[in-house]
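**Q** Chains A and B supply the protein sequences, listed in that same order. In terms of my numbering, the first sequence has 69 at position 69, counting the first letter as 1, and numbering is strictly consecutive. Each position in the second sequence, counted from 1, maps to that position plus 1000 in my numbering.
For the record, the hints were derived by calculation from the structure and aren't laboratory data. Backbone N, C-alpha and C define an ideal beta-carbon position, used for all residues, glycine too. Some clues are possibly wrong.
[To be verified] Straight line, CA to CA, 20 Å or less: simulated SDA-like cross-link-like pairs of lysine to any residue:
{"no.": "1", "chain 1": "B", "residue 1": "Lys1107", "chain 2": "A", "residue 2": "Thr26"}
{"no.": "2", "chain 1": "B", "residue 1": "Lys1107", "chain 2": "A", "residue 2": "Glu46"}
{"no.": "3", "chain 1": "B", "residue 1": "Lys1107", "chain 2": "A", "residue 2": "Gln80"}
{"no.": "4", "chain 1": "B", "residue 1": "Lys1097", "chain 2": "A", "residue 2": "Thr26"}
{"no.": "5", "chain 1": "B", "residue 1": "Lys1097", "chain 2": "A", "residue 2": "Ser7"}
{"no.": "6", "chain 1": "B", "residue 1": "Lys1107", "chain 2": "A", "residue 2": "Thr67"}
{"no.": "7", "chain 1": "A", "residue 1": "Lys14", "chain 2": "B", "residue 2": "Lys1097"}
{"no.": "8", "chain 1": "B", "residue 1": "Lys1034", "chain 2": "B", "residue 2": "Lys1046"}
{"no.": "9", "chain 1": "A", "residue 1": "Lys14", "chain 2": "B", "residue 2": "Phe1055"}
{"no.": "10", "chain 1": "B", "residue 1": "Lys1097", "chain 2": "A", "residue 2": "Gln80"}
{"no.": "11", "chain 1": "B", "residue 1": "Lys1101", "chain 2": "A", "residue 2": "Thr67"}
{"no.": "12", "chain 1": "B", "residue 1": "Lys1034", "chain 2": "A", "residue 2": "Gln80"}
{"no.": "13", "chain 1": "B", "residue 1": "Lys1107", "chain 2": "A", "residue 2": "Glu27"}
{"no.": "14", "chain 1": "B", "residue 1": "Lys1101", "chain 2": "A", "residue 2": "Asn31"}
{"no.": "15", "chain 1": "B", "residue 1": "Lys1107", "chain 2": "A", "residue 2": "Asp48"}
[Said to hold, decoys possible] Label pairs and their computed distance ranges (CB to CB):
{"no.": "16", "chain 1": "B", "residue 1": "Gly1113", "chain 2": "A", "residue 2": "Gln62", "range": "23 to 33 Å"}
{"no.": "17", "chain 1": "B", "residue 1": "Thr1332", "chain 2": "A", "residue 2": "Arg34", "range": "57 to 67 Å"}
{"no.": "18", "chain 1": "B", "residue 1": "Lys1101", "chain 2": "A", "residue 2": "Val79", "range": "22 to 32 Å"}
{"no.": "19", "chain 1": "B", "residue 1": "Gly1178", "chain 2": "A", "residue 2": "Ser7", "range": "23 to 33 Å"}
{"no.": "20", "chain 1": "A", "residue 1": "Thr73", "chain 2": "B", "residue 2": "Lys1101", "range": "26 to 36 Å"}
{"no.": "21", "chain 1": "B", "residue 1": "Ala1162", "chain 2": "A", "residue 2": "Asp48", "range": "19 to 29 Å"}
{"no.": "22", "chain 1": "B", "residue 1": "His1040", "chain 2": "A", "residue 2": "Pro37", "range": "25 to 35 Å"}
{"no.": "23", "chain 1": "B", "residue 1": "Gln1376", "chain 2": "A", "residue 2": "Leu4", "range": "50 to 60 Å"}
{"no.": "24", "chain 1": "A", "residue 1": "Leu66", "chain 2": "B", "residue 2": "Lys1101", "range": "14 to 24 Å"}
{"no.": "25", "chain 1": "A", "residue 1": "Leu66", "chain 2": "B", "residue 2": "Ala1166", "range": "22 to 32 Å"}
{"no.": "26", "chain 1": "A", "residue 1": "Gln62", "chain 2": "B", "residue 2": "Asp1372", "range": "56 to 66 Å"}
{"no.": "27", "chain 1": "A", "residue 1": "Leu4", "chain 2": "B", "residue 2": "Thr1095", "range": "23 to 33 Å"}
{"no.": "28", "chain 1": "A", "residue 1": "Leu66", "chain 2": "B", "residue 2": "Gly1396", "range": "44 to 54 Å"}
{"no.": "29", "chain 1": "B", "residue 1": "His1040", "chain 2": "A", "residue 2": "Ser7", "range": "26 to 36 Å"}
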Amino acid sequence: MQVLIPSALQSYTKSNTVEASGATLTELLANLDRQYPGLRFRIVDEQDQMRPHMRFFVNGVQVFDLTQGLQPTDCVYLVQALSGG
Amino acid sequence: MARTTRKPATRKKTITVRTKKAPRRVVVLVATRKGAWLFHGDPARKSWRCDGPHFLGHIINHVVLDPRDGRTLLAAAKTGHLGPTVFRSTNQGRTWKEATKPPAFTKAMTGPGRAVDHTFWLTPCHANEPKAWYAGTSPQGLFRSEDGGDTWAAFSYINDDAQYRAWMGSAQDGTPDGPKLHSIMVDPRDPKHLYFAMSGGGVHESIDGGRTFTTLVKGMEVVNGFDAANIAFHDPHCVRLCPSNPDRLYQQNHCGIYRLDRPSNEWQRIGKSMPKRVGDIGFPMVVHPRDANTVWVFPMDGQTVWPRTSPEGKPAAYVTRNAGKSWQRLDTGLPNSQAWWTVKRQAMTADHYDPVGLYLGTTAGEVWMSRDEGKQWRCIARHLPEIYSVEVAELG
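Isolated chain B (complex conformation) (with noise of 0.2 Å):
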């Protein structure tokens, strides 16, 4: 199928920024290695209770909560030697079933054709689409389910397109456990303006409902040596787009943090600026819900062979409050020295309170949180799993 090559519309800004009042409480949705914990907060997000091990022993990808009825939680889930497959509940948590339909890939009509290995990405569509789902997996492939997760289709053309087959390359080209689909968006103003990235193979976006997708890669760097004209090269680990400005997106990259304000297509690296003994290298992107120039990073240590360690085995968070003109490190709280721990792509999230809360789990099994946008840390839990991804919902 032929690609758009139109430059998106711009869009007018619609919308409303507003100061929530606190909600009634948060629940922390912990996905592990081994099962998936929630945590649920007080008012004051103080203390915390804890609810779990579901699903103890299955490999745990990502827990998200429909936030267009505050009940549907969908877990994507496997085992070791179990298929791939989705668990669903309708009651926050307290009972679960499996999806009747996982996501798979089309049968192959000639050739060994792909399987998927696991879920790796949740994305609720738009507010004007309820209970229409998007997952993204590894291999790389994109579903949508209709139906609240039960049942789930291949979405767009991409995952049998030649093109798009190419740029995803195969296991021996992704990260150590599997190449995958992330960073599913959906433009709050528009729901048929989608965006995807894929590790690797570059960011896409879509401005008529997945029926065809521009690359989105321009100003992204890649490894020394390698053409960046090649899409298959650029490895996004995380993108995320501003909720109080859908024009501003922001990435945390195999090479380096970038800011990307439409309509232009082209990348700022606004990681230059981050202290040289740390860098720019990371998994995690994390926006503020109300201020499109504030973000969080937690860098890692990514030279020589990628030791995915916090740098010097003293991890921190960065935050910027100017877009990524400056950066200050935020580690109070936080071990500082001899912790070799890191944080993974899905696993470092933001409320909506006022102050923001972050939440991160690390892949030593500890989750972290600071009530007050990052200045000061306190563990909420440890000696878990290690930890795939987190993520928060508020409940009423």
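Next up, chain A with everything else stripped away, as it sits in the complex (with noise of 0.2 Å):
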């Protein structure tokens, strides 16, 4: 499935957009973690929590629970809400 990338994680991909697979947002992760190491933990913490700032959209819907599941043909996007000085 397509995954929109933020500029803050492109150091890692070169791309806004890549293709990545999983059953839920959990593999989805584990998934981008393989192709594109070190991505993973820039935006859930060891605890599997999802990071603050970051957020989650599935099909333009935001999605907060990383078991949701997903099909192969949804959109997924990360986004980073800015904030701060």
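With the hints as a guide, dock the two chains, each given alone in a separate frame, to form the complex.
**A** Here's what the structure looks like:
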């Protein structure tokens, strides 16, 4: 499926859109980390919690549960909620 | 795990103190809220070449050169939005690579567990342990790498120990940008003899390579009305071990300046002899590379609401040449009024030249240095972001 990557993570992917697979968001992140080592830890912490300011949208709907199921035709957006000075 | 209660053995002094020949050149490693800069000095330390920014936009808490190989640099990084990581260079900063496994706490079996917000402190291990490093994090955690900073694992038992967790408190108890584990020090005579400090949570020592730790807070004061017997109330800001006499430590604390001469376990408050209008509150503590009686501090205003500025807007370093009996003000060249910056705990250091060069970075983004042990200061960089740490390395 297509995954949109925010600018802060494009140092890993070298692209704003990448292809990745997984039956859940957790699996998708694992797949992304295999392709782009280190990327997952920048957005999900060691307790498997989404880091502050990182958000996931699946087909335009915000998702907070990383166990949410995915379909191969889904479009996933990783978004960073810019904040601070 | 049980903590040892035995007193540390007195170690025979085997350190040979000698005046080093002036190294070929010095590089000042400046970590800031928005990136890192390296300033390469000429052999006389008079002119400086700026190299940077590295990691523009990243919050860099510490950049340290490995003195054992003279070329490996580690940088502790995160951004406002992304999780923490460590960057590594094996060519003195020309290229960088991200750590494969940055410091991270163990996943909790139950409950919310802790997540590293940022790596705060980096210390190369003993000279006989090449490629090994220690890291201190916020929230407080102690980590070690065996492979030059590429992969990190929890070190010792303290990260998940119930007593230590109680002493560490929570983010609610910490400094404004998170509670820190800092001042990780290795006895140059013995790789198993370690110290670290926590803000808050006291000073701790191990003589068995981290298998056990004991607290070292006797003599340290706490804020009025609190119980000094409670380790959680102790807030060391910066602790340094004297390279010329590893049995002597100095500490800048939330409640004064202290000295500890081992094997004693009792800190002596040596800041009482500071001028009353300045006080003995501050963050950095700098030790002389060859003279254990000489240290420098940089006082800040710790009154009322803790402005964290230079007292009266007049920044100055203070030096003692007699282990704390008396202090002299060193402000020649520094602004003499309306300068409301200060210096964070990792942002002041010394080189090994004779006379010693001092370097400090300000919260207003200026780097100042002195080629004569603080008698005269000059600004070598300005308009940088808020400076979090300054280290100096000598390149051959």
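**Q** Look at each hint and say if it fits the structure.
**A** Hint check results:
A hinted pair counts as satisfied when its Cα atoms are at most 20 Å apart, and B/Lys1107 with A/Thr26 qualifies at roughly 15 Å. For the given pair, B/Lys1107 sits about 6 Å from A/Glu46 by alpha-carbon distance, which is consistent with the 20 Å threshold. Between B/Lys1107 and A/Gln80, the direct Cα distance comes to roughly 24 Å. Violation of the 20 Å bound is thereby established for this hinted pair. Annotation: proposed proximity of B/Lys1097 to A/Thr26 is violated, straight-line Cα distance about 26 Å (limit 20 Å).
For the proposed pair B/Lys1097 and A/Ser7, the alpha carbon gap of about 19 Å is at most 20 Å, so the pair holds. Taking the CA atoms of B/Lys1107 and A/Thr67, the gap is about 17 Å. The hint holds against a cut of 20 Å. The straight-line distance between the Cα atoms of A/Lys14 and B/Lys1097 is roughly 15 Å, inside the 20 Å bound, and the hint therefore holds. Straight-line distance between C-alpha atoms of B/Lys1034 and B/Lys1046 comes to about 26 Å, which puts the hinted pair past the 20 Å bound.
With a C-alpha separation of about 16 Å, the suggested pairing of A/Lys14 with B/Phe1055 holds against the 20 Å cut-off. As the CA atoms of B/Lys1097 and A/Gln80 are separated by approximately 23 Å, the hinted pair breaks the 20 Å bound. At roughly 24 Å between alpha-carbon atoms, B/Lys1101 and A/Thr67 are farther apart than 20 Å, so this suggested pair is violated. A C-alpha spacing of about 18 Å is found between B/Lys1034 and A/Gln80, which places the hinted pair at or below 20 Å, so the restraint holds.
With a C-alpha separation of about 18 Å, the suggested pair B/Lys1107 and A/Glu27 falls inside the 20 Å cut-off, and the hint holds. For a cut-off of 20 Å, the pair hint linking B/Lys1101 to A/Asn31 stands: about 17 Å separates their Cα positions. Restraint check for B/Lys1107 and A/Asp48: satisfied, since their Cα atoms lie roughly 8 Å apart, inside the 20 Å limit. Separated by about 24 Å at the C-beta atoms, B/Gly1113 and A/Gln62 satisfy the suggested range of 23 to 33 Å.
The given range of 57 to 67 Å is respected by B/Thr1332 and A/Arg34, whose C-beta atoms sit roughly 58 Å from each other. Hint check: B/Lys1101 to A/Val79, Cβ distance near 26 Å, so the stated range 22 to 32 Å holds. For B/Gly1178 and A/Ser7, the Cβ-Cβ distance of about 26 Å falls inside the hinted range of 23 to 33 Å, so the restraint holds. Distance hint for A/Thr73 and B/Lys1101: a CB-CB separation of about 34 Å, consistent with the stated range 26 to 36 Å.
For B/Ala1162 and A/Asp48, the Cβ-Cβ distance of about 23 Å falls inside the hinted range of 19 to 29 Å, so the restraint holds. The hinted range of 25 to 35 Å is satisfied by B/His1040 and A/Pro37, whose Cβ atoms lie roughly 32 Å apart. Between B/Gln1376 and A/Leu4 the beta carbon distance is about 55 Å. The supplied range of 50 to 60 Å therefore holds. The hinted window of 14 to 24 Å between A/Leu66 and B/Lys1101 holds, with their beta carbons roughly 20 Å apart.
A hinted range of 22 to 32 Å holds for the C-beta pair A/Leu66 and B/Ala1166, which are about 31 Å apart. Against the hinted window of 56 to 66 Å, the Cβ-Cβ separation of A/Gln62 and B/Asp1372 comes to about 60 Å, which satisfies the hint. Between A/Leu4 and B/Thr1095 the CB atoms are about 29 Å apart, so this pair conforms to the stated range of 23 to 33 Å. In this structure the hint that A/Leu66 and B/Gly1396 lie 44 to 54 Å apart at CB holds, the actual value being about 49 Å.
Restraint check, B/His1040 to A/Ser7: a C-beta distance of roughly 31 Å satisfies the suggested window 26 to 36 Å.
The structure is inconsistent with the numbered hints 3, 4, 8, 10 and 11, although it conforms to all the rest.
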